[in-house]
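Engineer: In case you want the letters, here they are:
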Amino acid sequence: MIEVKNIVKQFGEQTVLKGVSTRFEAGMTNLIIGQSGSGKTVFLKSLLGIHTPDSGTISFDGRIYSELSNDEKRALRTEIGMVFQGSALFDSMTVEENIGFPLKMFTNKTPAEIKERVDFVIDRVHLVNAHHKRPSEISGGMQKRVAIARAIVNNPKYLFCDEPNSGLDPKTAIVIDNLIQEITQEYNITTVINTHDMNSVMEIGEKIVFLKNGLLEWEGSNKEIFKTDNAAVTDFVYSSELFKRVRKMYLEDDVK
Amino acid sequence: MLIRYLSQIGKYFIMLKEIFNKPTKWSVMKQLILKEVDDLIIGSLGIVAFISFFVGGVVAIQTALNLTNPLIPKYLIGFATRQSVVLEFAPTFISIIMAGKMGSFITSSIGTMRVTEQIDALEVMGVNSLNYLVFPKIIALLLYPFVIGLSMFLGIFGGWMAAVYGGFTSSPEFITGLQTEFIPFHIAYAFIKTFTFALLLATIPSFHGYYMKGGALEVGQASTVSFVWTSVVIILMNFILTQLLLS
Ligand SMILES: Nc1ncnc2c1ncn2[C@@H]1O[C@H](COP(=O)(O)OP(=O)(O)OP(=O)(O)O)[C@@H](O)[C@H]1O
Ligand SMILES: [Mg+2]
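Heads up: the sequence lines are chains A and B, in that order.
Residues in the first sequence are numbered consecutively from 1, following our numbering.
Residues in the second sequence are numbered consecutively from 1, following our numbering.
Watch out, some of these pointers could steer you wrong.
If the Cβ cut is set under 10 Å, some of the chain A residues that face chain B in the computed set are [stated by the list, open to error]:
| id | residue |
| --- | --- |
| 1 | E79 |
| 2 | F90 |
| 3 | K104 |
| 4 | N154 |
FYI, nobody ran anything at the bench for these hints, they're computed from the structure.
Bear in mind the structure is a predicted one, so any value in this text is a computation, not a measurement.
Ideal Cβ placement from N, Cα and C applies to all residues, glycine included.
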């Protein structure tokens, strides 16, 4: 469980986060939505300590990040898996080496055991024919999947994904969403996902946090997001005709 | 302005300290070091050999052409070549060239990792990214004195070739010159400089790459800035060490 209290993050004059508080439960897929530029990435990076918040606290199952020593921070980080918006794969390594990297660094597994585990996660993210390629030699969608594989290979306790399925075709996007939800439940991971994808919101949004202008505008589940009459949320989530109709049908169904 | 420079220098020393914190697993580090030796040391041998041989030759020819007074003995060609190659050309001049070659390679490779968030990815995993990226470079550059040793040898060899085959002097005379007034401490002086420059070559370009901000454009700018600063600091250290050790 991650508890966020009142975090504020400024860049020079611009205040990107103006005091956001919320909590993310373990075993649940927590989604952060909001317009492009609303601060989702900054929020996620502040949780991870890549950005240091100007004020506020973040606690990982009771461990308050800002109060940990450097060694404790590093130890905590080995429990974290992160999928960056731009994948952030190591371009000097092959796909296989990228995925095996956390194992090589932080476990005492033998090369054979690492290989076995890497093959297992490669299979789970549906990557084919990529083992020995370099990140620059595979497509953007494949890079995303490699990044996901690398994030989950060492069984993280906390999983952060910045738009894990942007750039994926709808079918693979759903596969990835379901994969993330599956492992979240299976290993009781605290998962936080930034997304633009309304499909993901409907499919796996067990908890949704809507950021607007640096503030938490609304939070709730995907069931509740159909019913809310918060104008900012409906305006954002149901901006397409298709989703407006989906919502209408859902609400009519509900009445019956 | 001054404050900015001072804070940069402070940041540089904090970085140096952080490099030696929380070391990376030895089995991983070993491979990283071998890779850096390959990229930085082995990869530089060709250009260093080429430059040293020809510049050594030019030094000998220039000296010979300027020794028009028949009273000055010809063995001075060998002497002058040795002094300039061993004392300045190999340690300092080659290091400036390496500030361009190794330095821009280091800054751009670390800078690219910074802008594509690979450094963030390392940190998020709990890796000490400074140790992971910079420490192997420092260790690899412990071999840098061999590069400079090679440069000294080839510089003098080039001088000998040019002097003898250019008909300026005879081989025994040149060799007499090489042995004239040989001061062993000069070799020590040259290698103390080399060693200092090696540390600067590993760390200043790393600093510029590691702390850069922006995108691909800024990676290019950082490489240029890093070259300028590495050479400025090398020249300054050269001056300071020469004052301290020789005067
Ligand atoms: N390192 C930084 N320095 C300065 N400003 C930044 C930095 N990172 C982000 N910002 C600013 O913070 C704001 C929020 O950016 P952020 O990347 O969090 O948006 P986002 O919600 O993730 O958008 P997207 O959905 O397009 O990824 C932007 O206005 C951006 O300019
Ligand atoms: Mg973003």
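Engineer: Would you mind marking each hint as holding or not holding in the structure?
Structural biologist: Hints and how they fare:
1. E79: Check passed: Cβ of E79 of chain A comes within 8 Å of chain B, closer than 10 Å.
2. F90: Where the cut-off is 10 Å and the nearest Cβ of chain B is about 6 Å from F90 of chain A, the hint holds.
3. K104: Holds - the Cβ of K104 of chain A comes within 10 Å of chain B, reaching about 6 Å at its closest.
4. N154: At 8 Å from the nearest chain B Cβ, N154 of chain A passes the 10 Å test, so the hint holds.
The structure meets every hint from the earlier list without exception.
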